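Visitor: Sequence:
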Amino acid sequence: MVELISVIVPVYKVEKYLTSCVTSLMAQSYRNLEIILVDDGSPDRSGDLCDTLAAQDERIVVIHKPNGGLSDARNAGIETAKGDYLFFLDSDDTIHEETLEILWKNLKENQVDISVCSYLAYFEGKTSIRYCLNKVLKK
Numbered sequence: 003m004v005e006l007i008s009v010i011v012p013v014y015k016v017e018k019y020l021t022s023c024v025t026s027l028m029a030q031s032y033r034n035l036e037i038i039l040v041d042d043g044s045p046d047r048s049g050d051l052c053d054t055l056a057a058q059d060e061r062i063v064v065i066h067k068p069n070g071g072l073s074d075a076r077n078a079g080i081e082t083a084k085g086d087y088l089f090f091l092d093s094d095d096t097i098h099e100e101t102l103e104i105l106w107k108n109l110k111e112n113q114v115d116i117s118v119c120s121y122l123a124y125f126e127g128k129t130s131i132r133y134c135l136n137k138v139l140k141k
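Under my numbering, the first residue of the sequence shown carries the number 3, and numbering increases by one thereafter.
Accuracy of the hints is not assured; some may be wrong.
What the hints assert, rightly or not - Below, a list of computed lysine-lysine pairs in the DSSO-like style, where the Cα atoms sit at most 30 Å apart: (1) K18 x K67; (2) K107 x K84; (3) K110 x K84; (4) K67 x K107; (5) K15 x K84; (6) K67 x K84; (7) K110 x K18.
By construction, these hints were calculated from the structure, which means they are not laboratory data.
Given the structure is predicted, the values throughout are model-derived calculations rather than measurements.
Full structure from sequences and hints, please.
Guide: Pasting the structure below:
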């Protein structure tokens, strides 16, 4: 059985980026996902956009709540999550189409509870690797 991964995306003032973020999740090669969009009382059209995106993919769940901040939004997502694993993604970010599959395979192949990866940061046309861990840590 392929395990469910719950992806939690806090949403606040990101209507410019949200579609790209969610599209990158919908395109994942690992298909057994629950995408939880937590509208944290955003004053722009982000909340409406969450609902529009949810209508396009049955894996998307939307939570609308009063603004409580990033941690509160993530906690609301955790309370709703049904997955075997959690993945947190900021709503102004995107991920490569194989990210979740690679992370899940690393969990299984190494029999660990947490899998992490490097990421690229794009600023004004410049790209840099911000984090890199090339080893497996076990108890």
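Visitor: If a hint holds in the structure, say so; if it does not, say that too.
Guide: Here's how the hints hold up against the structure:
1. The suggested pairing of K18 with K67 holds, with an alpha-carbon distance near 20 Å, which does not exceed 30 Å.
2. A C-alpha spacing of about 20 Å is found between K107 and K84, which places the hinted pair at or below 30 Å, so the restraint holds.
3. With a C-alpha separation of about 19 Å, the suggested pairing of K110 with K84 holds against the 30 Å cut-off.
4. Distance hint between K67 and K107 is unfulfilled; the C-alpha atoms sit about 34 Å from each other, more than 30 Å.
5. Straight-line distance between C-alpha atoms of K15 and K84 comes to about 26 Å, which keeps the hinted pair within the 30 Å bound.
6. Between the alpha carbons of K67 and K84 the distance comes to roughly 19 Å, so the proposed pair stays at or under 30 Å and holds.
7. Simply put, K110 and K18 have alpha-carbon atoms about 36 Å apart, too far for the 30 Å limit, and the pair is violated.
Figure legend: structure checked against the earlier numbered hints; hints not met, in rising order: 4 and 7.
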